[in-house]
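Respectively, the protein sequence lines represent chains A and B. Positions in the first sequence are counted from 1; adding 966 to them yields my numbering. Positions in the second sequence are counted from 1; adding 15 to them yields my numbering.
Simulated from the structure, these hints should not be mistaken for lab results. The structure displayed is predicted, hence computed values, not measured ones. The C-beta atom is built at its ideal place from N, Cα and C for all residues, glycine as well. Any given hint might turn out to be false.
[Stated by the list, open to error] Some but not every residue of chain B turned toward chain A, in silico, with C-beta under 10 Å:
1. L18
2. P73
3. W184
4. R191
5. L193
6. V195
7. Q200
8. A231
9. A266
10. A270
11. L280
12. R295
[As the list claims (entries may be wrong)] Derived coverage of chain A by chain B (criterion: at least 3 residues anywhere in the stretch with Cβ under 8 Å from a Cβ of chain B; other residues may be distant):
13. 1017–1024
14. 1086–1094
15. 1272–1286
Given next are the chains, with one letter for each unit.
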Amino acid sequence: MSDPDRPNPLQDLQDRRVPRIPGPCALVLFGVTGDLSRKKLMPALYDLANRGLLPPGFGLVGFARRDWADEDFAQVVHDSVREHSRTPFREETWAQLMESIRFVQGTFDDDEAFVRLKATLQELDNVQGTGGNHAFYLSVPPRMFNQVIAQLTRVGLTEHSPGRWSRVVIEKPFGRDLTSAQELEKTVSSAFPESSVFRIDHYLGKETVQNLLALRFANQLFEPIWSRTYIDHVQITMAEDIGIGGRAGYYDGIGAARDVIQNHLLQLLALTAMEEPTSFTAENLRIEKQKVLDAVRPPRDFARDTARGQYTGAWAGGVKVRGYLEEDGIPQDSRTETYAAIRVDIDNRRWAGVPFYLRAAKRMPRRVTEIALVLQPAPHLPFTDVAELGANAIVLRIQPDEGVTLRFGAKVPSTQMEIREVSMDFTYGGSFTESSPEAYERLIIDVLLGDPPLFPQRAQVEASWRILDPVLDYWASLPTTPDPYASGTWGPESAAAMMAASGRTWRRP
Amino acid sequence: MILTLDDTTSAGINAQLIQARRNQGVASGLVFTMIVVADTWDFDRVLRACVDAGREHPSRIIVIATRTETETGLDATIRMGEDVPGEVITLLFRGELAQHRRSTLVPLLLPDSPIVVWWPGIAPARPGSDPIGELGTRRITDAMGAPDPQQALRERAASHSVGDTDLTWTRLTRWRALLVTALDQYPATVRSVTLSGNRDNAPATLLAAWLANRLAVPVEQLASDGPGITGVVMHTDAGDIAITRTDGALAQFTAPGLPCRTVALRRRDINDLLTEELRRLDTDEVFEATMETLSERYRREGEGA
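The shape of chain A in the complex, shown without the other chains (with noise of 0.2 Å):
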């Protein structure tokens, strides 16, 4: 790759219309049967192909238990890419990628496979020129990590030499708790340095994460007010319209607070509290995020400051869905909570006494994430008969429809003096995301650059969990069973009640 005693002269920092390439490099894919490869990674790659972000001498290797031939992979890699990529299908693409694509047939218990595995990888340094520099891709139950990386470190893909590099990317979730989450990482990082690791929440993409960054960085509107001198409190919300479809073996035991609260929403929460970075490199955005999650304070009175719900049958949205306990493969007595609430305080100058809510919830009335920033009342109002006024909001929405919303009052035309609450709306634009690459292009453009990744690293994640984890040991230490709640609802009334002790309500998103 390239030397820094020797800069390449076509290269020049103030071009930013070319793009990166990476260098020449090999892809293998774990779990290519899964939803996610088919439906996001192969289209990914596709994509990256299409805008000419993939280096000439790329492989894309599959291991799976299936019997099947490299064409037959080929063949699965194409439907997908035909069904799912963003980009239109051109065959000068397949073409290339097509060229790149290998099968290895075996299990994560078979050595012989991960031989073969090692054999196929040559092969593509040989023949592709992927120049000895391999990324591994986990999209497998967090279980299996312990295995694969183990076979992978025994046949030698995972050692460093000079010049070669070999990266892994993992998907949450991160352990269940801190102490299976020091375990996951133990085996990680056993084989692989904190720098080759990439661990992604496929909810928060980069571009969101960037967004976020200039909206609150690149302006002088926002910062006097980000603070606890005009901010009430703060209310995170992820809402999912759907239930757990058939992913009852994950979800069960795991349930929204593991599921999205530890890893998503802490991480929105940084993003929203923390100060300002030096600079918008990946290790000075890592430290102050590390500053602010280590600010973090858990509730103190866990009754009051906590909520639990699980969806029941009802009609939602217009149809008859079933409730959590009657979904396929859910014990009956399953106390896995599909609705989470906790208020968390940050003890630092800027945010003390401003509670964050946070709040991540399946079958919800609609689909949203969101972080709303609630300011204070204004001090006085010199009308007079004026009925109550909401309070005023910045609201970031995350998804869908990307944008900011400002609520603010406006006087009602011809009244006497009568003011409402109105929304000025700023969106991505309409049909944006559209041509905005998926949060998996960039991804993966980032694991085979080596960008050092915005996503979470070990320190953060092992600080969500210490956030988290004395309210999932109170939930577990509860003899009843999470509130239950109609689905197509916003949740339980003990989430309310929760807000109410504060004399706050949820915001309608």
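Fit chain B to the supplied structure of chain A, relying on the hints for placement.
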């Protein structure tokens, strides 16, 4: 929604825009105004490219055309909503009004945000001092839209001013990215370069200028049957690093001691080019430097002849 306004004025169009926005409840998140001078170009193709580019950059796009031989007047259509993320306004200037297009355009520019002027076909000799070009903070021309692209590129180089760009340059982005990668993968000192491309392919000439500017070595340009640029060979002491593309779609990358690799290198359509071009509206330093090298070359050729 498409609104047609025959025989109207700037004020009439503005009134309709406000009305339409109110009816649709669309929040205005438009990022710039783009004026498209479509006198000499296929109107529908321009419109399609604009709608496509507007998807990534919601904006107010004003496509203008002229018909001089008729009665003086202005006909307009306004497209909003549905498949158009921003607003697309088409203006047909008739008769004497064709001489005063700028006066109609000024009231229709969005406040504060940048203004882009695009000539998909024949562009004025000096875009920066053209009455409509002067409105723009960014002027986009396309030498390949002219009858003689090489001559058009020569004119561009002679009249270049800050804020001017040409789609000839945009056509090169993928080639340039691949050439950068080639030297990343095979870091060797390049002694000279041979480039081949279709005789009237202006991008080939510009790519030669970029290579000469970056590498400071002789660049020989050969004529081939195309399509477009067909190959770049960088000569090094150890052998040639070559990227060849004879079918306009799939390229071969070879370097000494490395296996031959295939890579997709499609010729891009106008929608794609425009979308890339609008992604950044600040000065492209590399393009400026390349144009400088190019006009230097033209000057030398002029003296030699």
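Results for each hint:
For L18 (chain B), the shortest C-beta to C-beta distance to chain A is roughly 19 Å, which exceeds 10 Å, and the interface hint is violated. Annotation: interface hint on P73 (chain B) holds; nearest CB of chain A at approximately 4 Å, less than 10 Å. Taken as an interface hint, W184 (chain B) checks out: its beta carbon lies about 8 Å from the nearest beta carbon of chain A, inside 10 Å. The closest approach between the C-beta of R191 (chain B) and any C-beta of chain A is roughly 5 Å, which is under the 10 Å cut-off, so the hint is satisfied.
Because the beta carbon of L193 (chain B) sits about 7 Å from the nearest beta carbon in chain A, less than 10 Å, this interface hint is met. Nearest Cβ of chain A to the Cβ of V195 (chain B): about 5 Å, under the 10 Å cut. The hint holds. With its C-beta approaching chain A no nearer than about 6 Å, Q200 (chain B) sits inside the 10 Å limit, and its interface hint holds. At its closest, the beta carbon of A231 (chain B) sits 8 Å from a beta carbon of chain A; the interface hint therefore holds under the 10 Å criterion.
Satisfaction of the interface hint for A266 (chain B) is found here, the shortest Cβ-Cβ separation to chain A being roughly 8 Å, below the 10 Å cut-off. Because the beta carbon of A270 (chain B) sits about 9 Å from the nearest beta carbon in chain A, less than 10 Å, this interface hint is met. Hint status for L280 (chain B): holds, given a least beta-carbon distance of 7 Å to chain A, under 10 Å. Checking R295 (chain B) against chain A by beta carbon gives a least distance of about 6 Å; that is within 10 Å, so the hint holds.
Check on the region 1017–1024 of chain A: 5 of its residues sit with their Cβ under 8 Å from a Cβ of chain B, so the three-residue criterion for coverage holds. Counting residues of the region 1086–1094 of chain A whose beta carbon lies closer than 8 Å to any beta carbon of chain B gives 3, which reaches the threshold of three, so the coverage claim holds. For the region 1272–1286 of chain A, the proposed coverage by chain B is not satisfied: 0 residues have a C-beta within less than 8 Å of a C-beta in that chain, short of the threshold of three.
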